[in-house]
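Chemist: Got chain A; can you put chains B and C on it based on the hints?
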Amino acid sequence: MSDPLLELDDVYKSYGEEQVLSGVSFEMDAGDVDVVIGPSGSGKSTMLRCVNRLTEINGGDIYLDGDCITDADTDVNELRKQVGMVFQDFNLFAHLTALGNVTLGLRKVRDMDKATAQEQGYEHLEQVGLLDQADSYPAELSGGQKQRVGIARALAMDPKLLLFDEPTSALDPELVGEVVEVMRDLAAEGITMLVVSHEMGFARSAASDIIFLDDGQIVEHGPPEQLFENPQAARTGEFLSRLETAHEEE
Amino acid sequence: MGTPESTTSGRTLRARAAGLTDQPLTLLTVGVFWTWLVVRWTNDFLLDGALIERNTSFFPVGPFEAAAATLGALAASLGPVGFPVGWLAGFFEFLAASIPYLPQLATGVWATILLTVLGIALGFLIAVPLSVARVYGGSATRLLALGYTELFRGTPLLAQLFVLYFATPLTTIIRELPAVGTGFIPAQAFWVAVIAFMLNSAAYQSEYIRSALNSVPEGQLTAARAIGLSKVDGIRHVVLPQGLRYAIPGWSNELVYLIKYSSLASFITVRELFERTDAIASETYRYTELFVLAGLLYLALVISASLVMEYVEDRVAIPGLGTTSR
Amino acid sequence: MPPFPLQSDWAFVAGNLDLLLAGTGITIGLTAASILLGFLLGFPAGAVEVYSRGPLKRAVESAGVVLRGTPLLVIIILLFFGLSVSSSAFVTATIALGLRSAAYQSQIFRGALQSVDEGQLEAARAIGMGRLQAIRSVVVPQALRRSVPGFQNEFTIVLKDTSIAIVIGLGELLTVGQNLYQGGQSTAALEIFLTVSLIYFVLTFVTNRSLDYVDDHFSIPGGERA
Numbered sequence: 001m002s003d004p005l006l007e008l009d010d011v012y013k014s015y016g017e018e019q020v021l022s023g024v025s026f027e028m029d030a031g032d033v034d035v036v037i038g039p040s041g042s043g044k045s046t047m048l049r050c051v052n053r054l055t056e057i058n059g060g061d062i063y064l065d066g067d068c069i070t071d072a073d074t075d076v077n078e079l080r081k082q083v084g085m086v087f088q089d090f091n092l093f094a095h096l097t098a099l100g101n102v103t104l105g106l107r108k109v110r111d112m113d114k115a116t117a118q119e120q121g122y123e124h125l126e127q128v129g130l131l132d133q134a135d136s137y138p139a140e141l142s143g144g145q146k147q148r149v150g151i152a153r154a155l156a157m158d159p160k161l162l163l164f165d166e167p168t169s170a171l172d173p174e175l176v177g178e179v180v181e182v183m184r185d186l187a188a189e190g191i192t193m194l195v196v197s198h199e200m201g202f203a204r205s206a207a208s209d210i211i212f213l214d215d216g217q218i219v220e221h222g223p224p225e226q227l228f229e230n231p232q233a234a235r236t237g238e239f240l241s242r243l244e245t246a247h248e249e250e
Numbered sequence: 001m002g003t004p005e006s007t008t009s010g011r012t013l014r015a016r017a018a019g020l021t022d023q024p025l026t027l028l029t030v031g032v033f034w035t036w037l038v039v040r041w042t043n044d045f046l047l048d049g050a051l052i053e054r055n056t057s058f059f060p061v062g063p064f065e066a067a068a069a070t071l072g073a074l075a076a077s078l079g080p081v082g083f084p085v086g087w088l089a090g091f092f093e094f095l096a097a098s099i100p101y102l103p104q105l106a107t108g109v110w111a112t113i114l115l116t117v118l119g120i121a122l123g124f125l126i127a128v129p130l131s132v133a134r135v136y137g138g139s140a141t142r143l144l145a146l147g148y149t150e151l152f153r154g155t156p157l158l159a160q161l162f163v164l165y166f167a168t169p170l171t172t173i174i175r176e177l178p179a180v181g182t183g184f185i186p187a188q189a190f191w192v193a194v195i196a197f198m199l200n201s202a203a204y205q206s207e208y209i210r211s212a213l214n215s216v217p218e219g220q221l222t223a224a225r226a227i228g229l230s231k232v233d234g235i236r237h238v239v240l241p242q243g244l245r246y247a248i249p250g251w252s253n254e255l256v257y258l259i260k261y262s263s264l265a266s267f268i269t270v271r272e273l274f275e276r277t278d279a280i281a282s283e284t285y286r287y288t289e290l291f292v293l294a295g296l297l298y299l300a301l302v303i304s305a306s307l308v309m310e311y312v313e314d315r316v317a318i319p320g321l322g323t324t325s326r
Numbered sequence: 001m002p003p004f005p006l007q008s009d010w011a012f013v014a015g016n017l018d019l020l021l022a023g024t025g026i027t028i029g030l031t032a033a034s035i036l037l038g039f040l041l042g043f044p045a046g047a048v049e050v051y052s053r054g055p056l057k058r059a060v061e062s063a064g065v066v067l068r069g070t071p072l073l074v075i076i077i078l079l080f081f082g083l084s085v086s087s088s089a090f091v092t093a094t095i096a097l098g099l100r101s102a103a104y105q106s107q108i109f110r111g112a113l114q115s116v117d118e119g120q121l122e123a124a125r126a127i128g129m130g131r132l133q134a135i136r137s138v139v140v141p142q143a144l145r146r147s148v149p150g151f152q153n154e155f156t157i158v159l160k161d162t163s164i165a166i167v168i169g170l171g172e173l174l175t176v177g178q179n180l181y182q183g184g185q186s187t188a189a190l191e192i193f194l195t196v197s198l199i200y201f202v203l204t205f206v207t208n209r210s211l212d213y214v215d216d217h218f219s220i221p222g223g224e225r226a
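Chains as they are written, first to last, in full-length UniProt numbering: chain A, 1 to 250; chain B, 1 to 326; chain C, 1 to 226.
Just chain A, with the same shape it has in the complex (with noise of 0.2 Å):
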């Protein structure tokens, strides 16, 4: 059997005294969408950001294609370049327009010329559906546009593995579904996703693993039907069934 693509192996951070993740392990493999949940404060984001060492950890090892990336000698921009990511708040480049954001790593990461990039990029906005939209500026642009942006300049470094935080939580409900529908999409594409999110409609149909993170330890995973059907852990029920009724009073 190959490698998984990605493996956290009893992975701690802390931050001063506070411990954020405590021991967290698993595995995913090419292709897989795993959803992570659980309650705020519980460490989801943070064990994201470690993934691309936009966070540092303290204990543990991540593998990424049997490579240990949280060596010390690690390159964490070659790194970066093979993991993608997408933000909870956007973060596109205020001065560039859709197709900037979209091209400026290919043409200063990847070195290469204008316009073997923007013909990529053009490909990238076509693939999140707002090729019409490649010269507007981040500020003329819907919350929900902004996101797609923000996933297709990830995708365009070509990552193996992409990081979503929270793709849909700063936006208005009615734009979360344009969000949800390109992320389905390069779901069924057979993107490699590890997705930080509460969108239930997403988790159940698209994931192939549900992680549930409490208290900086994982409490439990498994395929969507496990959990959602017939949760093993006491903890999980509680927070799912939380969840549910919060959803029904909006």
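Because the hints were derived from the structure by calculation, they are not lab data. If you're wondering where the values come from, they're calculated on a predicted model, not measured in any experiment. There's no promise every hint is true.
Said to hold, decoys possible - Computed beta-carbon distance windows for the label pairs: (1) B:T168 to C:I28: 38 to 48 Å; (2) C:R136 to B:E283: 47 to 57 Å; (3) C:V202 to B:V81: 57 to 67 Å; (4) B:E218 to A:D89: 21 to 31 Å; (5) A:V76 to B:L151: 50 to 60 Å.
To be verified - Computed far set for chain C versus chain A, every beta-carbon distance over 10 Å: (6) G184; (7) S210; (8) G222.
In this text, a Cβ means the ideal position worked out from N, Cα and C, and glycines have one as well.
Modeler: Frame of chain A, contents of chains B and C only:
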């Protein structure tokens, strides 16, 4: 994530100055500076030289000269590695050379402070109506206020001083006033400078206050009108108390500017700090020592002003107001 | 008093307009040179204050506090008569105005760099850019645009403060006016200094409008105005 600095606000600049002024050494220096000034002024102006003769320094020159000589000899004996000691010797030499001039400079500092405080305070009295006219006035008053600020902000302060001093009869008029130039009351040139600083700083202060008034949400005045206040009363009791607090950081900058620009009064013969320094320097040819000393005295005044304004800002602060000016 | 002082005084000013315009030329040259020097030193200084740690940052900050806390008059005199950095009044005035402007420009750029959201740098790092590269291609372009209004202010301050170079006898606009008054016709004081002031006013006005244009031209569509 990110450093606390990344949450930039209008306060950042001041906070950075605070970083410097928080240091105990700075506080100590400012404390010594003001103790010296107050004792000096009391002796010279109020006690008529009772503690020590006027123009005689409190500090003896001898020990500093001796220290400089000893350190200089030590530096020479250490050879090439002695340069930090040599530097220290130079510092003592500087102190020894400065001491005889300190009394005269203290008198200059008094004039500088008086110029600045009068200029900014009188300027403030003009600036408030000026800024209210800019924000709430009709089109004619608005234009008038705009013309005033643009004119005074668009020309050099030095040129304004020259116009008032050389080209208007202001000097003659003030000279004729009773008591001018006698006893504690400075001569006419000083008052011309005060008038120039007042007019000039009113224009700058009104800009700070205007943008502060604009940052008070419109709903505040609407709510004031809704409880039955007239527009003028609403501005006075609701908008201005908030706006003036927003204006403090900008206003502090203006105070610092005015301390420094008060040195321009020397061009019209006002005997303030710069003029005193220049007069001594042209007699003694010790330009470097004297102007470094003057620079340090100005710096001490500027840092003192920042400290006072920080204190004022803290004292008048209202929770949730003006702290997030982003 | 001459029979028709007003008329002849304006005629005196008009007759010496060429001298005043030559002084204006020096004022403009001095402003441009000082702003340029201030930018070359001030921009890196601002970046150091934001991105560097340790002794370099402290040195830059202290130099800034001293330069911002001392009157320009003192700086000019010290450089000319004390340290004698140059025998040329123009060079000395450029260094004094440039250093002082650098201290202020560094604060403009520091504020602008800090106002760029931290997420921008993070997103740039996330697509594999090195720290320097991310700062250069993502943070700096945004910061430069945001610093235009502050820069505008600084530009006019330097323009007006070139008049202080009168103290070392540089033949800029105000000095020319002063010479016309003291060495020429003393009754023409009002006419001379009003004309000088008017020229300064035109210069600051034109500068402000041009930089407004620059601000509009480089602003990001839909983006907040700094």
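Chemist: All hints are to be evaluated individually against the structure, with a verdict given for each.
Modeler: Against the structure, the hints:
The hint said 38 to 48 Å for the Cβ distance between T168 (chain B) and I28 (chain C), and at roughly 28 Å that hint is violated. For the pair R136 (chain C) and E283 (chain B), the supplied restraint of 47 to 57 Å holds, since their beta-carbon distance comes to about 54 Å. In this structure the supplied range 57 to 67 Å holds for V202 (chain C) paired with V81 (chain B), their Cβ-Cβ distance being about 59 Å. At roughly 28 Å, the beta carbons of E218 (chain B) and D89 (chain A) sit within the given window of 21 to 31 Å.
In this structure the hint that V76 (chain A) and L151 (chain B) lie 50 to 60 Å apart at CB holds, the actual value being about 57 Å. The claim that G184 (chain C) is not at the interface with chain A holds, since no C-beta of that chain comes within 10 Å of its own (minimum 53 Å). Interface exclusion of S210 (chain C) from chain A stands, the closest Cβ pair being 22 Å apart, more than 10 Å. Look at G222 (chain C): its CB is around 3 Å from the nearest CB on chain A, not clear of 10 Å, so calling it non-interface is violated.
When each numbered hint is compared with the structure, violations occur for hints 1 and 8.
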